[in-house]
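**Student:** In case you want the letters, here they are:
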Amino acid sequence: MMKSLLPQSQLRRSAAAAASAAAARSSGGASGGGGADGVSSDAGAGGRAPATSTFWFLLHALCCLVSLFLGFRFSRLLFFLLFSTTALYSSTSSSSSSAVLRATTTTTTTTTTTTTTTNTFTLSFAAGSNPPPSNPSNHSAALDDAAGHTQSHVVVGRHGIRIRPWPHPDPVEVMRAHRIMERVQEEQRRWYGVKEPRHVLVVTPTYSRAFQALHLTGLLHSLRNVPYPLTWIVVEAGGTTNATASLLARSGLTIVHIPFPDRMPHDWADRHATENRMRLHALRVIRERKMDGVIVFADDSNVHSMELFDEVQKVQWMGAVSVGILAHTGTADQPRLSEEDKQNMPLPVQGPACNSSGQLAGWHTFNSLPFTGKTATVVGEAAPVLPRGLEWAGFVLNSRMLWKEADGKPDWVKDLDAVGENGEEIENPLILLNDASSVEPLGNCGKKILLWWLRVEARADSKFPQGWVIEPPLEVVIPAKRTPWPETTTELSSELVDTKPDQEDRRLSRTNRSSRSRSTTKRKEN
Amino acid sequence: MWTTTARARALALALAVVLAVVTAEDIGRIKEDDPTGRLKVYVYELPLKYNKNIVAKDPRCLSHMFAVEIFMHRFLLSSAVRTLNPDEADWFYTPVYTTCDLTPWGHPLTTKSPRMMRSAIKFISKYWPYWNRTEGADHFFVTPHDFGACFWFQEAKAIERGVLPVLRRATLVQTFGQNNHACLQDGSITIPPYTPAHKMRARLVPPETPRSIFVYFRGLFYDTSNDPEGGYYARGARASVWENFKSNPMFDISTDHPPTYYEDMQRAVFCLCPLGWAPWSPRLVEAVVFGCIPVIIADDIVLPFSDAIPWDEIAVFVAEDDVPKLDTILTSIPTEVILRKQELLENPSMKQSMLFPQPAEPGDGFHQILNALARKLPHGKGVFLKPGQRVLNWTEGSPDDMKPW
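Residue numbers (UniProt numbering), protein chains in the order written: chain A, 1 to 526; chain B, 1 to 405.
Among the hints, erroneous ones may be present.
Just some of the chain B residues that point at chain A, by a computed CB distance under 8 Å [as the list claims (entries may be wrong)]: (1) 156; (2) 210; (3) 231; (4) 240; (5) 248; (6) 252; (7) 256; (8) 328.
Hint data in this document are derived by calculation from the structure and do not stem from the laboratory. The beta carbon of each residue, even a glycine, is placed where N, CA and C say it ideally should be.
Same shape as in the complex, but just chain B (with noise of 0.2 Å):
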C-alpha cells in the first residue's frame, strides 16, 4: 500500500526522532571517555630536590588545595598510559612542585617558583632532546597555584609578570581560568582545585534529608587583614552579598566555621560560589559533590574541565554587578529547571570528575586531565621546530627570575 518513497520517508523520520530522543538525554551528561590507549605518557626522572625533598620538608603539601601537583605525578608513575620510551610518547610531564614552599601559617611562597621551574626546564633540555625538539609545545605541567603559571597570589602584580615566558608553548594545567587573562594562556586545562575525596565521602547524608536550606554559604565576606579599605578582594561582590542578603532569611550566609560544613550543604538547594582574591575556590567542587546547586559569581572565569563537563546545564551564573538581584535571580528561575540541575548533579560521574581520589578511581580527575590532553592529539604543525629554530627568550622575565635555583 506505501510506496517505496513514503516508506523510505517513514524510516528517516524515525530515525530522526530516536536520535533526536537519544541526544536529548545526553544534554547535559558529562563526556565519560576512557583515555588509556588514546594517549601515552613520558615523566621525566628529575632529581630528588624538585619533588620529594619538597614534599619531605612539609608534608603540608599533601592535603592543602594545590596538592594536585604532587597527587599528578604519583597517578602518572602508575598509569596506564605511562610509557618508558620517550620515542613514543605523545606528552611529556615535569614533575616539579612549585607549590610547595610553604610559610610557617601554610601559604605557599611562590618568589622562587618561576627559579625552580627555569632550571627543571634546563634540566630536562639538557639530558633529553624533546624539550628542545618542540621547545616543550608537547610537555605540559601542573601550576595549581592561585593564578597559574603567573607565580604570584596578588592579581595586579600577577599580571604584570605574565605567564613565565618558558612556558609559553607548553600545556599548563591548572585552576586558574578566565577569559582573556594574562595568567590563562590558550591550550591551557583548568582543573579543579585539590579536595580530600575521603572526607567528604565519609560525611554524606542519606540523600532523602529534605534540602531545607535555600541558599548557602560560608566564608569571609570582607578581608581585612589583606584589603582593610574594602573594594579589592573578591571585586567588592563578596560585600555586595553580605550587604544586600544578611537579613534575607531565605539566605543562610555567615563567616562561621560550623563543624556540619558538609552536613549543611547537603541540606542546601544552592550554594554561593563567589571569588575571592582568585575567581577558582573549593566551593565549586564541594557542591557538586554534594548535590547542591552552584552559585557562580565571577565574571569571566574558565571552570573546571569546561569541554567535558557541560556547566550551562547545571551551574547558574550571576554577573558581579547583579548580585543586589540575586534573590530575584534565584526565585524566578523555573522549578523545572532547577529540577534538572538536581538531577544532573546526582550523576555519579560528575561528582567523581571533580575528585582526586587516592588511590585514583575510573573517571576522576586525573583521567579528565589525560582526557583532556588526549583530545589536543594529535599535535598540530606548530609544534615541532625545525632544527635550530629557536622561539622562546631565555633572558625575559625579571631579574630575580634568571638566578639559578
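One chain only, chain A, in its complex shape (with noise of 0.2 Å):
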C-alpha cells in the first residue's frame, strides 16, 4: 500500500519537524517518512539514484528519533493522517468541515495522552482535514472499491471515533428524558393497570408525641406516591394539634383532620384499644359524609409498599393482605430462643392462608410464644412490641360496605351502628362481618407481602421541639467534651470579657442559671 505512495508524494523537508504534525498535514511529504518506518520502502524506491536513497535513509533514521522522542510510531500517526484523509474524501464536504472543527478543538489532548492506547491519537487526526492536493488514484484497491463502486457515501476503512467536547449528561435533558418516562409509565398504566382507578381513603390514627413527626413524615411521602386520587383521615387523639395541621398541610394532599376526644394512654394495651377506637370513628365519618372509595388502614409507623395501593384496586368489599411484622427489640437482648423455637417459629407475617384452589381457609398471624413475658406494657419501653392478634392494616374495605344503603351490599356485613356501640372490643375489622370466610385475600392469594407493620416510639416523657422549630433560639450550651480544638485558656477567656461585655451581660441576665461559669460562656463565644 505504502509502495505506490511513494514515488507520487511530493516530498517536503519539513515533514521532519515533530511539533509540525498538523502542518505536515497538508504536505505529502508525511507520506514520505510514514513509507519509511517498518515498510520495506527502500525496496519500493529500488532503482533510485544513490543521492535519493541517502534522503530516504536520513529520513528514515530522522522519522526513528521523532518516534523516540513521541513514545509512539511517528510514522503510523502520519499514514492515517492521509489514509483517513482520503478515506473521507469521499464523504460530503459538510461532514469534513465539521470534522476539521473537531479535529482542532481535540489536538491539544493528544500529544500529553500518548502513552494510552492508540484510540486516543485517532481522535484528533482521523477526522481529516485539506484533502492532499494530489487525490492519487491509485490508491489501495480496497480502499476504492468501497468509495468507487457507486454513489454510496459509506466507506469502509478506519474511521474517527467521534466524541463531542464537553461529552457529559445536560441537566435540562436529563429531565427531559424522565419526564418522558413518566409519560410513557403513565401510557402503560393506562393500558395494563387498573382500568378505573378507585379512590384510595387512608385512615391514620395518631397522636402528639415525639416520633409523630418521624412516621408521619414517611407516611406523607408514601402517599404522595400513590397514583391515584387519595384522601387522608388523620384521627389525632387528645384533639387536633397546630403541630400536626402544619405537617398535615405541607403534604399536597386532601386531608381530612378527625380530633378525637380521648388522649392516648402511655401503655400498650390500652394504646390498641383505643386506636381500634380511632378507627371506627373514622369510619363513622366516612359513612356520615359518604366518601366513596377503598379505605385503606395506614398507621403511622407502618411502612407501605406502592403494590399495596396498586393490589387495593381490586377489592370488592373486604380484602386481606399479608403484612409483615416487625417486632422490634429495643435492645441488644434478643429474646432466648431455643432451638426447638427457632424451628417451629414460623415467618413473621399476617395475613390470609389459602388452601390449594386459591380460597381462603384461615389466618395467619404472629406467634408471640417466644416473646412472653419479655414485651413491651409501655409506650417506649426497650423491648420488643407485638401485635395483638389480626392487625386493622392487614385489611381493606369497599366504603361502600358502610353505608347504610348501598347497592349490592352483601348481608354478610354488620351494620356500623350495631359495632362498638356495647362497649365490646374491638379486636380487629372481622367484627364487622356476621361471616369471616367471605374476606378476599388479596396480593396473589397473600404470597406478596405490600406492608409492614412496626412500632417504635420514644419515652411517653421525652421532650422535642414544639413543631419540630427552635423558637427561640437554644438558650442550653452544654460544653462539648471532646473537641478537635483545644479548650481555651482562661487568659483568652479575660480578653473576650473585655471586648464583649453587652452580649455576655444580656445572655447573663436572661438566663438564670447561676451554675455556669464564665469560662463556659466564653467557651461558647468560641
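From these two lone chains plus the hints, build me the complex, please.
**Tutor:** This is the structure we're talking about:
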C-alpha cells in the first residue's frame, strides 16, 4: 500500500519537525516519512539514484528519532493522516468541515496522552482536514472499491471516533428524559393497569409525641407517590393540634383531620384499644359523609409499598393482605430462643391463608409465644412490641360496605352502628362482618407481602421542640467534651470578657442558671 | 331540500373522510398477507452432503443466528406452498447450507461456501432443466452470512469478491442489507437473523412492569482482538457511543453479559442497535419482540422486510455522524411520537414477523419471506431466456472458487 504512495508524493523536509505534525498534514511529505518506517520502502524506491536513497535513509533515521522522542510510531500517525483523509475524501463536504472543527478542538489532548492506547490519537487526526492536493488515483484497491463502487457515502476503512467536546449529560435533557419515562409509564398503566382507578381513603390514627413527625413524614411521602386519587383521614387523639395540622398541610394531599376527644394512654394494651376506637370513629365519619372508595388502614409507623395501593384497587367488598410483622427489640438482648423455638417459629407475617384452590382457608398470625414476658407494656419501653391478633393494617374495605344503603351490599356485613356500641373490644375488622369467610385474599393469595407493621416510639416523657422548630434560639449550652480544637485558657477568656461585655451581660441576665461559670460562656462564644 | 349534486358532494366527502380515517389507521401497520395460494415453490432434492450431513456434523448450526437456512428448508418441505410438480412452480428453492462449516468457537468458515454453491448449482442444472431455462432468475437461495452471498466476514474483502457470479440472477434471501453495497444485489429479500423464539417468549415479564431504563445496550464497544487500533469496528460508532455516554445516567450501556438481558430490554424505552462488523444484528429482533424502540445507528442499512414493515414509523434512525448528539436527539422526540411507536410495537403481528418459531406459525418470518417472494410475481420478461442464450459467466471469480466441492 505504502509502496504505491511513495513515488507520487511530494517530499518536503518540513515533514521532519515533530511539532509541525499538523502542518505536515497538508504536505505530502508525511507519507514519505510514514513509508520509511517499517515498510520496505527501500525496495519500492529501488532503482533510484544513490542521492535519493541516502535521502530516504536520512529521513528514515529522522523519523525513528522522532518516534523515540514522542513515544509512539510517528510514521503510523502520519500514515493514518493520509489514509483517513483519503478515506473521507468521498464523504460530503459538510461533514468534513465539521470534522475539521472537531480536529482543531481536540488536537491539544493527544500530545499529553501518548502513552495510552492508540484510540486516543485517532481522535484528533482522523477527522481529516484539507484533502491532499494530489489525489492519487492509484490508492489501495480496498479503499477504492468501497468508495468507487457506486455513489454510497458509507466508506470501508478506518473512521474517527467522534467525541464531542463535553461528553457529559446535560441536566435539562436528563429532566426531559425523566418526563418521557413518566409519560410512558402513565401510558403503560392506562393500557395494562387498573382500568378505572378508585379513590383511596387512608385512615390513620395518630397523636402528638416525639416520634409523630418521623412517622407521619414517612407516611406522607409514601402517600404522595400513590398514583390514584387519595384522601387522608387523620384521627388525632387528644384533639387536633397545630403541629399536626401544619405537617399535614404541607403534604399537598386532601386531608380530613378529625379530633378524637380521649388522650392516648401510655401503655400498649390501652393504646391498641384506643386506636381501634379511633379507627371506628373514622369509619363512622366516612359513613356520614358518604365517602366513596377503598379504605386502607395505614398506621403512621407502618411502611407501605406502592404495590399495596395497586393491589387494593381490586377489592370487591373486604380484602386481606399479608403484613410483615417487625417486632422490634429496643435493646441488644434478643429474646433467647431455644433451638426448637427457632425451628418452629413461623415467618413473622400476618395474612390470609389459602387452600390449594385459592380460597380463603384461614389466617396466618404472628406467633408471640417466644416473646412471652419480654414484651413492652409501656410505650417507649425498650422491649419488643407485638401486634395483637389480627392487625387492622392488613385489611381493606370498600367504603360502600359501611353505608347505610348501597347497591349490592352483601348481607354478611354488619351495620356499622351495631358495632362497638356496647363497649365491647374491637379487636380487628372481622367484627364488622357476620361471616368472616367472605374476605378476599389479595396479593397473590397472600403470597406477596405488601406492607410492614412496626411500632417504634420514644419514652412518653421525652422532650422535643414544639413543631420541631427551635424558637427562640437555644439557650441551653452544653460544652463539647471532645472538640478537635484545644480548650481556651482562662487568659484568653478574660480578654474576650473585655471586648464583648454587652452580649455576655445580656445572656447572663436572661438565663438564671447561676451554676454556669464564666469560662463556660466564653467557650460558647468561641 | 338538498339538490342532487349537493347530496352527491356530501356523500363523496363522507366517503373520503371514512377512507382517510381507515387509511390513517393503517399507517404503521404491517402488511398481513397470507401467501398460501399466491405462489408455488419447488424444493430440489439435493444429495445429503449439501444439507443434512453438514448439520449432523455440527448441530450448533441449529441455534446460531444463521440457522434460517436450515429452518427455511424444513419449513418448505411441509408447507402448503410446496409443489411436487416443478412445471407449475413459480419459485425454485435449493437447500444448500453454506453457513454451517463452523470453527471450534462456532464461527462459520465461508472459504468453501462459493465452491459448495457452485457445485450445487451445477448439480441442479445437470439433472433439471429449470436452471438453464432462466439461469436462476426464478430461483431463490438463503444466504444468511455476514455479507450475504459475498461469502466473507471482512467487509473490504467481501466487497472485493462481490456477490458470487453464478447467483447474479437469482433472488437472494439474506440478512445483510445496505444501500448501494456490492453485497446487496437488486431484488434481494432482507430478513432478520435467527433468534430463539421459544427462549424469548419464556422470559416475558408482565406488561405493566414500568419501563424505567431510558436507553439500553449490551455489547462490545471496542473489538480489541480483531481491531486493536480502534476505528475499524463499527466504523467507530460504537466506540463513539461509549466515549460520549459512559457517564450519562440515562444510558444503561456496558459490555456485561447479564442473565437478565431479556428482562432488562422489556424495562427499557429505547434499545440501541448500532452496527458491528456488519450492519445487521439480532438486537433488532430482540428490541421488536420486547417492545423497546430500536435506535438504528447504521448508515444506509436496509432493514428486514422493509416493504412490509413500516420501519420509519417504528424505529428511530440516527446517522453515525450524529452519535455524539444521541442524547439530544432522543430526548427531543415528542412524547406522542414515542407513545405511537410503542403502540405500533405492541402489535403482535409485528413481533411475530421477526421470529422463526419451530414449528412455523401464521404471520411469522417464514411467511413474510413467502409474501416477499409472492410480491415479485409474476416474473418479468427478462426472466426466461431464449434457448441457447447464456448470461452468466461460469469462469468469473477467484481461481480458488473454481475448484469442485
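**Student:** Quick one: which hint numbers does this structure break? Sort them smallest to largest.
**Tutor:** 6 and 7
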